[in-house]
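Letter by letter, the sequence shown follows residues 1 to 131 in this note's numbering.
Check before you lean on any hint, since a few could be wrong.
[Said to hold, decoys possible] List time: in silico EDC-like cross-link candidates among lysine to aspartate or glutamate, alpha-carbon distance up to 20 Å:
id: 1; residue 1: Lys103; residue 2: Asp65
id: 2; residue 1: Lys70; residue 2: Glu59
id: 3; residue 1: Lys73; residue 2: Asp88
id: 4; residue 1: Lys43; residue 2: Asp96
id: 5; residue 1: Lys107; residue 2: Asp54
id: 6; residue 1: Lys118; residue 2: Glu64
id: 7; residue 1: Lys103; residue 2: Glu119
id: 8; residue 1: Lys72; residue 2: Glu89
id: 9; residue 1: Lys66; residue 2: Glu116
id: 10; residue 1: Lys95; residue 2: Glu116
id: 11; residue 1: Lys95; residue 2: Glu64
None of these hints come from the bench; they were simulated from the model.
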Amino acid sequence: MYYTTFEKLFDSLLDNDSTSTRYQNFSTTFVPSKFAAEVKDDKAIIALSVLGHDPKSIEINCYEDKIEVKAKKGEEKSPFYELVANIDERITLGKDLDGRNAKAEIKNGILLITVERKEESKPKKINIKLS
Numbered sequence: 001m002y003y004t005t006f007e008k009l010f011d012s013l014l015d016n017d018s019t020s021t022r023y024q025n026f027s028t029t030f031v032p033s034k035f036a037a038e039v040k041d042d043k044a045i046i047a048l049s050v051l052g053h054d055p056k057s058i059e060i061n062c063y064e065d066k067i068e069v070k071a072k073k074g075e076e077k078s079p080f081y082e083l084v085a086n087i088d089e090r091i092t093l094g095k096d097l098d099g100r101n102a103k104a105e106i107k108n109g110i111l112l113i114t115v116e117r118k119e120e121s122k123p124k125k126i127n128i129k130l131s
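Work the whole structure out from these sequences, hints included.
Next comes the structure, spelled out in structure tokens:
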């Protein structure tokens with residue numbers, strides 16, 4: 001079970017004797033914000049922190065309307081082990097984006113997923129014929 005700092009503080013204000021033993025076996029795991037997205041003219045870039053995860057253990061499933069990202073933290077105990085959280089994200093895409101043609105790369109612990117617009121949703125320029 002996961003207890004927040006607020007819950008610990010609230011219980012300590014109630015002066016509950018069981019509070020001190022209640023939290024002894026629990027640790028805090030840092031859970032980063034979900035993801036950030038930037039939409040440009042003909043593509044969208046989705047950024048998600050994967051810091052502390054082995055790139056080989058990250059699983060990305062792309063569908064037409066969504067992208068799923070999953071990663072479990074490793075078994076090895078490193079100094080940052082408690083700061084790494086499991087990732088299980090489902091990102092819903094707009095209907096003008098095609099998730100099946102997504103591309104992914106990792107830069108400085110950030111997973112960047114680039115999704116292109118569907119061809120039919122890109123604007124088409126036409127020339128005016130003068131008579």
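(message) For Lys95 and Glu64, compute the direct alpha-carbon distance and say whether it is at most 20 Å.
(response) holds (9 Å)
(message) Next pair to validate is Lys70 with Glu59; report whether the Cα-Cα distance is within 20 Å.
(response) Roughly 5 Å between the alpha carbons, so the hint for Lys70 and Glu59 holds.
(request) Would you mind confirming whether the straight-line C-alpha gap from Lys103 to Glu119 stays at or under 20 Å? (result) Answer holds: Lys103 to Glu119 is near 16 Å, not above 20 Å.
(message) Between the alpha carbons of Lys118 and Glu64, is the straight-line distance 20 Å or under?
(response) Within the cut-off at roughly 10 Å; holds.
(message) Run the distance test for Lys107 versus Asp54: straight-line Cα separation, threshold 20 Å.
(response) holds (13 Å)
(request) For the pair we were handed, Lys103 and Asp65, check the Cα-Cα distance against 20 Å. (result) Holds, at roughly 15 Å.
(message) Check whether the Cα positions of Lys66 and Glu116 lie no farther apart than 20 Å.
(response) Answer holds: Lys66 to Glu116 is near 13 Å, not above 20 Å.
(request) Would you mind confirming whether the straight-line C-alpha gap from Lys43 to Asp96 stays at or under 20 Å? (result) With a Cα-Cα distance of about 10 Å, the restraint between Lys43 and Asp96 holds, given a limit of 20 Å.
(request) With a cut-off of 20 Å on the C-alpha distance, tell me whether Lys95 and Glu116 pass. (result) This hinted pair holds, its Cα atoms lying about 11 Å apart.
(message) Just to be careful, I want the Cα atoms of Lys73 and Asp88 compared with a cutoff of 20 Å; is the pair within it?
(response) holds (11 Å)
(message) Please verify whether Lys72 and Glu89 have alpha carbons no more than 20 Å apart.
(response) holds (12 Å)
Going down the numbered hints, you'll see the structure goes against none, and every one checks out.
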